[in-house]
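Chemist: This is what each chain is made of:
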Amino acid sequence: MSFLGAVATLNNLKKNSIIGDYAIGGGYAVNYYLEPTLTYDLDILVLVDSDSDYYALYKYFRENKYKIENVCVVIEGLPVQFFPSTISPLYGEAIRLARKITVKGVPSKVIRVEHLIALLLVSYRPKDKIRIVELLKLANKGLLDEILVRFEDEKTPLRQRLRRVLENI
Amino acid sequence: MRKLLYVKDSEEFWKIFSLEREKRQKKLANLPFARKIEILEMMQSDAALLKESKEANET
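For the record, the sequence lines run as chains W and C.
Residues 3 to 171 (our numbering) make up the first sequence, in order.
Residues 38 to 96 (our numbering) make up the second sequence, in order.
Heads up, a few of these hints could be off.
Restricting the straight-line Cα-Cα distance to at most 35 Å, the calculated cross-link-like pairs of lysine-lysine (DSBU-like) are [as the list claims (entries may be wrong)]: (1) C:Lys40 with W:Lys129; (2) C:Lys52 with C:Lys40; (3) W:Lys143 with C:Lys60; (4) C:Lys63 with W:Lys111; (5) C:Lys63 with C:Lys88; (6) C:Lys52 with W:Lys139; (7) W:Lys143 with C:Lys63; (8) W:Lys102 with C:Lys52; (9) W:Lys67 with W:Lys106; (10) C:Lys52 with W:Lys106; (11) C:Lys91 with C:Lys63; (12) C:Lys64 with W:Lys131; (13) W:Lys106 with W:Lys129; (14) W:Lys67 with C:Lys88; (15) C:Lys60 with W:Lys69; (16) W:Lys16 with W:Lys61; (17) W:Lys131 with W:Lys111; (18) W:Lys129 with C:Lys52; (19) C:Lys52 with W:Lys16; (20) W:Lys17 with W:Lys111; (21) W:Lys106 with C:Lys40; (22) C:Lys88 with W:Lys111; (23) C:Lys60 with W:Lys111; (24) W:Lys157 with W:Lys106; (25) C:Lys63 with W:Lys139; (26) C:Lys60 with W:Lys17; (27) C:Lys64 with W:Lys143; (28) W:Lys61 with C:Lys88; (29) C:Lys91 with C:Lys60; (30) W:Lys102 with C:Lys60; (31) W:Lys157 with W:Lys67; (32) W:Lys102 with W:Lys143; (33) W:Lys143 with W:Lys61; (34) W:Lys67 with C:Lys52; (35) C:Lys40 with W:Lys139; (36) C:Lys52 with W:Lys131; (37) W:Lys139 with C:Lys64; (38) C:Lys45 with W:Lys102.
The hints are simulated quantities; they were obtained by calculation from the structure and are not laboratory data.
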């Protein structure tokens, strides 16, 4: 599996306008901020204008003989899952405000820690709750609260979920 | 870490253990991302080996 190879491929796809702007999220983003922990998939948040753009992306990978396992596209041996910005405005903002990084000369973007926490509160699995506690130490609390207020709704009460995580430490 | 070997009280043991672990986590968290990726890729390769070995042992 090659993270750098996958990121270089994504940069190439972006340069050729096959994908729009993108940012690293999920386990690899957690690894950016915290100590290394085992993860198998590279979660990529990608800016798309519509659902049909998202399907076109998978069509491109299929036509170019990329292996597709469930929802993951295998790029340079690494399963990559694409999360389109059409899921929720939170994804779009996370991509637009992501931090520019360079890994061994390869440029990329990783979502900010505050957006990462918000997205972990959306997925809200047991392993996400553990990560949230550690990531909070690095977050700007004011900015995080502001993000949670703007992106929560009845189905995903982000601030209430955060309170529950903190109560259970 | 050596200090842990001489601790008799269990409460004291876990206190020192947690502090040491926190220190180690902080040190790893501060590594450059490229180094973290190298460690992660080693973990992925080790996990694949373990999985292979588990499957071989079960057949």
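Chemist: Take a quick look at whether Lys63 (chain C) and Lys88 (chain C) sit within 35 Å of each other, Cα to Cα.
Modeler: 29 Å, holds
Chemist: Take the C-alpha atoms of Lys40 (chain C) and Lys139 (chain W), compute the straight-line distance between them, and say whether it is at most 35 Å.
Modeler: 28 Å, holds
Chemist: Check the hint pairing Lys143 (chain W) with Lys60 (chain C) against an upper bound of 35 Å on the C-alpha distance.
Modeler: Holds, at about 23 Å.
Chemist: If you draw a straight line from the CA of Lys60 (chain C) to the CA of Lys111 (chain W), is it 35 Å or shorter?
Modeler: 28 Å, holds
Chemist: Below or equal to 35 Å on CA atoms is what counts here, so check Lys102 (chain W) against Lys60 (chain C).
Modeler: With a Cα-Cα distance of about 28 Å, the restraint between Lys102 (chain W) and Lys60 (chain C) holds, given a limit of 35 Å.
Chemist: Keeping to a limit of 35 Å between CA atoms, is the pair of Lys52 (chain C) and Lys16 (chain W) held or broken?
Modeler: Not satisfied, since the Cα-Cα distance of roughly 49 Å exceeds 35 Å.
Chemist: Is Lys63 (chain C) within 35 Å of Lys139 (chain W), Cα to Cα?
Modeler: 11 Å, holds
Chemist: Do the alpha carbons of Lys102 (chain W) and Lys143 (chain W) lie within 35 Å of each other, as the hint requires?
Modeler: 21 Å, holds
Chemist: Please verify whether Lys67 (chain W) and Lys106 (chain W) have alpha carbons no more than 35 Å apart.
Modeler: With a Cα-Cα distance of about 28 Å, the restraint between Lys67 (chain W) and Lys106 (chain W) holds, given a limit of 35 Å.
Chemist: Hint check: Lys61 (chain W) vs Lys88 (chain C), CA-CA at most 35 Å. Holds or violated?
Modeler: 32 Å, holds
Chemist: Is the Cα-Cα distance between Lys60 (chain C) and Lys17 (chain W) 35 Å or less?
Modeler: 41 Å, violated
Chemist: Next pair to validate is Lys64 (chain C) with Lys143 (chain W); report whether the Cα-Cα distance is within 35 Å.
Modeler: Judged against 35 Å, a Cα distance of about 23 Å means the pair holds.
Against the hints set out earlier in the document, violations occur for numbers 8, 10, 15, 19, 21, 24, 26, 31, 33, 34, 38.
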